[in-house]
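Peer 1: Spelled out from the first residue to the last, the chains are:
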Amino acid sequence: MCASSSDTPKRRRRPGKNTGAGLFFLAVGLVGLWGGRDLTIGTADAMAEGYFPRAICILLAVIGAAILVGALRRPDPGIGGLGLRPLAVLTGSIVAFAIGLDRLGLVVTILVSVAIANLAARPMRILPLLVLVTVLVVSIAGIFVWGLGLPLRLFPRWLGLRI
Amino acid sequence: MTDLFAHLWLGFSVALSPWNLLICLVGCLLGTLIGVLPGIGPTATVAMLMPITFYLTPVSAMIMLAGVYYGSQYGGSTTAILVNIPGEASSVVTCLDGYAMALQGRAGSALAVAALASFFAGTVTTIAIAVAGPPLARIALLFHSADYVSVMILGLVCAMVLAHGSLLKASGMIVLGIFFGLVGTDVNTGVARYTFGIPDLYDGIGFVPVAMGMFGVAEIILNLEETQGRDLITKEINRLWPTRDDFRLAWPATVRGTLIGLGLGILPGSGATVGSFAGYSLEKKVARDPSRFGKGAVEGVAGPESANNAAAQANFIPMLSLGLPANALMAMMIGALMIHGITPGPMVIEKQPVLFWGLVASMWIGNLMLVIINLPLIGIWVKLLQIPYRYLFPAILLFCCIGVYSLNNSIVEVAFMAFFGVLGYFLKKLECEPAPLLLGLILGPMLEENFRRAMIVSGGDLTVFVTRPISLSLLVFSTLLLMAVVVPAIRKGREIAFQE
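Chains W and E, in that order, give the protein sequences.
Going by the working numbering, the first sequence opens with residue 1, and the numbers climb by one from there.
Going by the working numbering, the second sequence opens with residue 1, and the numbers climb by one from there.
Label-pair restraints from in silico Cβ distances:
#1 E:Leu-480 with W:Pro-128: 53 to 63 Å
#2 W:Leu-72 with E:Lys-285: 31 to 41 Å
#3 E:Asp-200 with W:Asp-38: 17 to 27 Å
Computed footprint of chain W on chain E, listed as stretches where at least three residues anywhere in the stretch have a Cβ under 8 Å from a Cβ of chain W:
#4 181-188
#5 213-223
#6 421-434
Examples of chain E residues lying across from chain W (beta carbon under 8 Å, computed):
#7 Lys-169
#8 Leu-397
#9 Ile-411
#10 Ala-415
#11 Ile-456
Source of the hints: derived by calculation from the structure; they are not laboratory data.
Note that the Cβ used here is the ideal one computed from N, Cα and C, for glycine as well.
The following block holds chain E by itself, in its conformation from the complex (with noise of 0.2 Å):
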């Protein structure tokens, strides 16, 4: 215990030093940009930042990133709640009753109890990763080669069964992110693989074209072909602090939240996204009177709210004490610490403890910014909203295109990126996300990697994935869950949890 606290100590101590604190504050404000503005996402931002953070010291670097993250989900209901409009997707379900409540006049209640819910969503899960992270890295010192192939079949069938819509697209997307992730030489043997004698493949696919294609140019397209226009129905904020009542209901309704976003976040695979859908789906279901939920029940927007803050924290604990990426961001994550020469895994918290402590100090720091800045910036935010988006597209390209280019000096690279939005446009009018894509495509190499050295301790014996009890376990774990999913009675929960 005392050992936590020195722990704490150094780490406050590397987040309060001032330009921390800027980079944290930098990174929380552009995160609550992009959470407010739909169609660019914290995953292209981050893709866009991770040139400039190459500048930056490794834990300055995780601070900005991670902050743009956690500062998209409090962007994000802002605008689900004023206007109606999910900034991010992990907001969508806020707009049920968020914006059902603004129409009432108690918008000013919604979004205190959203950013006072994250907040304490925040502190918890910041509580979970300094107490859980360290001893699950312990563990995971004990995993062989044939573990870790264990440990990312689990997380890719995680990524399979929340994904939204077929089971069998995502698992499409998955081997065939992996497949891109074949792609330049192959280092065992030294040979050039699915090159076509291309230089610049030789090195492989970089994940940041594949990201700012998929998630940022394809994402234009579709936005631009909806052409919806916005109509910004802004009613008046009146009283900012909830009523006695809101606190009431929406205090259980925090922790519950809280809790199951927890939970799910450690899960490799999921996200802020799925955590928010559970959490309302549990209110609902928890709650006296599910009709009031879609009519501003307060419930409905403290539960979501807290359980996609704490699912987008949560999922840092896997990153950093195993290594392995929770979704598609934290694989961007991964790639922005090993282009700092840090290879994510197990050894981190003990090798780098400045940078591990640093983060989840500023993590803490970080919300509670959030929370003192957004309350009296929600005008601006609103302001924002109405700049139309034929102006903001040219934008987002152009920072898309520089961003891509600035990381290698390559315009092959900005190719590539034409190449992914062009891709993942198709894939997604086929139905197929982008997301498990880039998950395949980050955990491929290390997955034969790991795949090819089991094989060469084992001479070449498959059973090693069974006889080893932590590999076992995880497998059993694997295969329940994905039958949970095919059996059909729970499957059709699932979607309708997904349609609410």
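Extracted from the complex, chain W is given alone in its bound form (with noise of 0.2 Å):
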């Protein structure tokens, strides 16, 4: 389905559901067979590493085969409008966040990744938005970083700062 919906345009008709889910878990199971073509089989009282990958992506693909199959024979309810817009930003929060909390530590890490987050719904004012980051900051280097001991910087490295 990721396949499905990423490489066709939306202007295209919807895909129906079933017929998306059938799809993915067949594209799942042959990738998973072609991805594992090198592994060895064995036998079945001596198994390798391949025997087990193969039994299930098999069964993957079947399964996958048999929604397919079932969505085309009854009808197919499409699916529905797709939320890109919350979808991508949630994305872009949690990306900034890991590329963030190295560099730039945890406080700008924050700021960053809430700012880029609240773009999602309907966004809060600024005033709230800083409030929100102070608690955060606070309760998760209280917990974390001073409670937990996770070897994390608040400031980034070049302020030269010693938290």
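Take the two lone chains, each set in its own frame, and fit them into one complex as the hints suggest.
Peer 2: And the structure:
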């Protein structure tokens, strides 16, 4: 499904839910078979690393095909509207967190991540935003840095602060 | 019997230590809090707490996580009754009659009935775990690898049968989960599978990023997409104590709900949600006047509320005695134990008596705490509900991020969480539920390991699964269960039960 929704342009008719699910499972099964083609199978009484994965991938592909067949025979409700904005914004917020944590320190990273996440819904004003960031910085630093001793900096290294 | 008392004594001495009492209280309060708040469930919370439990002793870790689980059952019902918002999936049915009671000005009664019914169920189930756990573990010691494979198949079949929606999609999600579980270095041969040369994948895909992605991030995206404002019509809470009539009707409903929840909770693959639905359907069936339901029938609160709490706690029975997770959340608990170097299984009760009995005792204490604390705190919980979601979700998101990061100090795992969030979102759009996937992810490696061992022992002979009596009976039971759902007449009934 991931593949089908991102590859095909949105303007076309949306694929059905069952069609999408069937295609997705089928695709993962086939990709798994292809990706594991170099794994040794072994024999039933002495299975190598490839035996179980092949069985699982075949099973997955078969289930996918079965769902697909069912979808073609019965009416298939279309996928509802996709909330691409929250999807993109939240993913962006997490990625910003992952990239920023080591480089920018906790405080700036939290500020940036919250500011990005804030774009997903009706944005809050600047003051509540700063209050939220402060609460988060204090609680996260309190629990994870001071409480659990996670080796994280609060501020960017180049500021030269010792916390 | 004297054994049982000696063990319970040990358990209470562990659970009543000041530190563990505090931990239990924290877990229960946290559970109630996330139970009250829609959009964050116990699975994501337990995932977030995982890194913190690393710093506790195993028994304290379990006490806290268990408190979150059953605490969320209490919290979920509070909002269901007062504002018609199910805080948890398991309290969806409580909305029907609980909110109707609130509209009639009987909110206090409904809350008290829900709390007392949950407490009764919690007490009975605690006793059931104490009585049934050890013998079950002794039986489990007779299990060979082939039997384990069959138990897991039964568990997966249950997960399929009890999942919402299409059976095929649920099975697809399970197998997909098993597939993700394959990633990493094969323990027997040391060959890397599906790692694409990424070093972070050599140890496999951790289930914390998967759980947080699918239950945390994907949920937030879906919630934001719906963006429907909450209308809070809180009615005044006048009397808290139920009337004599309420008691008379609620009492038998509570007993029935407890029993059905207990029975369902022991089955692998089910959980509190299924329990509450079953409890409600049962009450409606046995009621002399089913038309009262949905209009404030007190049995419609007592039945599902006792059932969901009983089921939530009974889930611990297969987890502690067999090492098998009944649902995604129990899988997380197993993960938490494994972080501490304890492999859950039949030996745990014998080898770790402090852990098992301490946990059992703490469950009863926790239930008592919840009844005592919650009734006076209801006002605060309702206030919390008025916090707009746009303030909440960035906080939830950041706690997910830092939680995943703190587990292995790994930024790559944070990225995995984002990936599984997106995947979970799309799968949800396709009406594929994430819970079976997580179960598959956890059970997959165990399944492969035992399957390979069984095949080595039997010399590659598949009939070993039908010649061993334990394995055969489990497989027969799985088949019957599957047939029962596939047979159309019964399937129709199941759909009706889920629609209610």
